[in-house]
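Undergrad: Here's the letter readout for the chains.
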Amino acid sequence: MKEEEAAEEGISEEVDKVYRRLNDQAEKSGYHLNPDVEFTKDLVWGLLANEKRYGYWSCPCRLSANNKEEDLDIICPCYYRDPDLNDYGACYCALYVSDEVFRGEREIESIPERRPPHEQRETSRAEERKRAEMMETMEFTGELSKPVWRCKVCGYLCAMDEPPGVCPICKARKERFERFM
Amino acid sequence: MDIFNQNTEKGNHVSGIDRGKVVMYGLSTCVWCKKTKKLLTDLGVDFDYMYVDTLEGEEENQVVEELRRFNPSIAFPTTIIKGEKAIVGFKEKEIREALGF
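Same order as they appear, the protein sequences are chains R and P. Take the first sequence: its letter number 80 is residue 80 in this note's numbering, and every next letter is one higher. Remember, this note's numbering sits 1000 above the position in the second sequence when you count from 1.
Incorrect hints may have been included.
Keeping only pairs whose Cα atoms sit at most 30 Å apart, straight-line, the calculated DSSO-like set for lysine-lysine is [claimed, not checked]:
1. R/K68 to P/K1010
2. P/K1010 to R/K52
3. R/K17 to P/K1038
4. P/K1035 to R/K41
5. P/K1038 to R/K41
Just so you know, the hints here were simulated from the structure itself, not pulled from any lab data. The model shown is predicted, which means the values in this text are computed figures rather than measured ones.
Given the sequences, and given the hints that come with them, work out the whole structure.
TA: Given below as structure tokens:
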């Protein structure tokens, strides 16, 4: 059983490390992790387990498609975090909470799923691809000197030939940007 | 040894007081599912639970289709009581009431 205990300790160290890093990042960019540390570490464990299973941080409270492209919207932090923070004081899994919840002025309740059903997501993805193609062929003479890219996690905009590798605000990766203008 | 998969049993039966057939569909990584399972255990009712993320292929599709009937968004935990009432989310009050507590 010694081996198991050692492995368990290794995991809890890893969870602690990631928790501290996430907490640092959140506080620096104006977000808060759930102050219930035990609960939050459980979610971090789930994120690490999903990274191992699927190769990316699929939301621990949603069923992963085991396909990164299909799950881009639910990679943590998900596209639904900010609207859920505004409406319910927490993101869907409650890893992130609002100022009010953080200060203990509001309780978290069960949050309805905002992510559209599968068919609807497929349709919007197809529309998005079409829009991207259209934008691709648009000529940027006169009004815009550069295309504008939008981070779908936090809304950050930048006018560059390409989106940045990592969002400077929320650290979301390049593939989570869309062409905005 | 894979510690991350150590806790991911597919599901189980918990024996207790008969309040009709109770099935909780959850995810092994979902902390709200964990809370719901604990609530049902503490209430002492007879129930089954299943971690849908641990299923594969046809078995997974079947469960997902079953859940879609109750909730097109397919959210977890979904607790189905007597095959007719579905409670989506960790709604302690609603679950207690539906089970007659």
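Undergrad: Evaluate each hint against the coordinates.
TA: Structure-based check of each hint:
For the suggested pair R/K68 and P/K1010, the alpha carbons sit about 23 Å apart, so the restraint of at most 30 Å is met. A threshold of 30 Å between alpha carbons decides the hint, and for P/K1010 with R/K52 the separation of about 18 Å falls inside it, so the pair holds. Between R/K17 and P/K1038, the direct Cα distance comes to roughly 28 Å. Compliance with the 30 Å bound is thereby established for this hinted pair. A threshold of 30 Å between alpha carbons decides the hint, and for P/K1035 with R/K41 the separation of about 15 Å falls inside it, so the pair holds.
A threshold of 30 Å between alpha carbons decides the hint, and for P/K1038 with R/K41 the separation of about 18 Å falls inside it, so the pair holds.
In summary, this structure violates none of the numbered hints.
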